[in-house]
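Trainee: Assemble chain F onto chain R, guided by the hints.
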Amino acid sequence: MAAVSAWILPGLLVLTLAAALRRRVNVYSEFAAGAADGLKLGVRLIPLIIGIYVGIGLFRDSGALAWLSRAAAPVLSHAGFPVEVLPLMLIRPFSNAAAVGVVADLLERHGPDSFVGLLASVMQGSSETTFYVLTVYLGSVGIRRSRHAVQLCLLGDLIGYLAALWVTVLFFVM
Amino acid sequence: MVDIVWAVMIVGGVAFAAAAGDVGAVTSIIFDQAAAGLTVGINLMALLAVWFGISRIAERAGLLDAAARGLTPLLRPLFPDVPKGHPALSAIAMNITANFFGLANAATPFGLKAMEQLQTLNDRPDTVTPPMITFFALNSACATLLPATAVALRARAGAADPSVIIIPAAMASTAAAVSILLIDAYLRRRRGRER
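Sequence order for the protein chains is R and F.
Take the first sequence: its position 76, counting from 1, is numbered 76 in the working numbering, and each next residue is one higher.
Just remember that the working numbering sits 1000 ahead of the position in the second sequence, which is counted from 1.
Just chain R, with the same shape it has in the complex (with noise of 0.2 Å):
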């Protein structure tokens, strides 16, 4: 399985190169138009991508992850999740990187194997940076008035958590 992905990226890009020679495309001049089109875009996301950051930054360093994390802890152990998990419930919508930081946290104090280690996989597999997409492919477009497509996207998550739990549970405990 990992062979087959290792080979997806290398295989598209010959194939569309011999496509395109056959096609007498002009495939170095095509790819520098394309390219400066991706950095002008490039441009425009950084600043989101800043704004995010400083964000999410502040609200985890200075303990107010924590606490949240504490505060939800009855209503995630009646739901059946382990406390352990909150931290990367709440984190994984808004950064991919710090997502991944807080899974190999879990995986490293309760094992890989342990339940906790089990779910944190199956949520961080089954899961999407939701929240920072939004914002950057809003924003790539000058959208403000975003109705009720984050409400949407964060139900989205949470029907994926619990569809984690029910998954695990099934898979590794039962």
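Please keep in mind that the hints were generated in silico from the structure rather than gathered at the bench.
Think of the CB as a built atom: it goes at the ideal place given N, C-alpha and C, for glycine as much as any other residue.
Hints are supplied without guarantee of correctness; some may be wrong.
Over 10 Å on every C-beta distance to chain R, these chain F residues come out as not near it, computed from the model [as the list claims (entries may be wrong)]: (1) 1044; (2) 1069; (3) 1071; (4) 1072; (5) 1073; (6) 1075; (7) 1076; (8) 1083; (9) 1084; (10) 1086; (11) 1123.
Just the calculated beta-carbon pair ranges, DEER-fashion [as the list claims (entries may be wrong)]: (12) 1161/F x 43/R: 42 to 48 Å; (13) 26/R x 1023/F: 32 to 38 Å; (14) 21/R x 1046/F: 22 to 28 Å.
Heads up, incomplete: computed chain F residues facing chain R, CB under 10 Å, no partners named [stated by the list, open to error]: (15) 1020; (16) 1081; (17) 1164.
Mentor: Chain F alone, transformed into the frame defined by chain R:
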């Protein structure tokens, strides 16, 4: 909503730092995070340049149309407001394909292209449209064939079988994707009737 969440993170962060008696830390957190964000942004910019370059070659070679033609019939019922054969659908198709193969870095440029295309169908440019919301919903619970990061983390932590979570993760994300798309379809229909 985005503005509110962002403001809550900032104000809450400052309030907690102050309550802990360490309001001085706020300045250094801001500088460190801004620098980290800039680094991530610059790396993303390089990736965007490469992927936009390659996808332009693929586009000129007619490959994007071919890939999109395969997926579009499946996407049509989800995006009734997007005209048949519109480039937005092929960008969405490419985004989903890249996500499915776990190529998150490749998915973002296609997603941004999809947004650009969906925006051309928007008569109120400052407001999100129903097809965009469906696209987000699809993205938020998007099915991944290979959760590469999670498997790599497990391997690093010495798991007996790092890949044991692949099928459970695929099941969880599929279940979430189906439920959120149903909720989105329900909301869209209800709003459509109100109008």
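Trainee: Of the numbered hints stated previously, which ones are contradicted by the structure, given in increasing order?
Mentor: 1, 13 and 16
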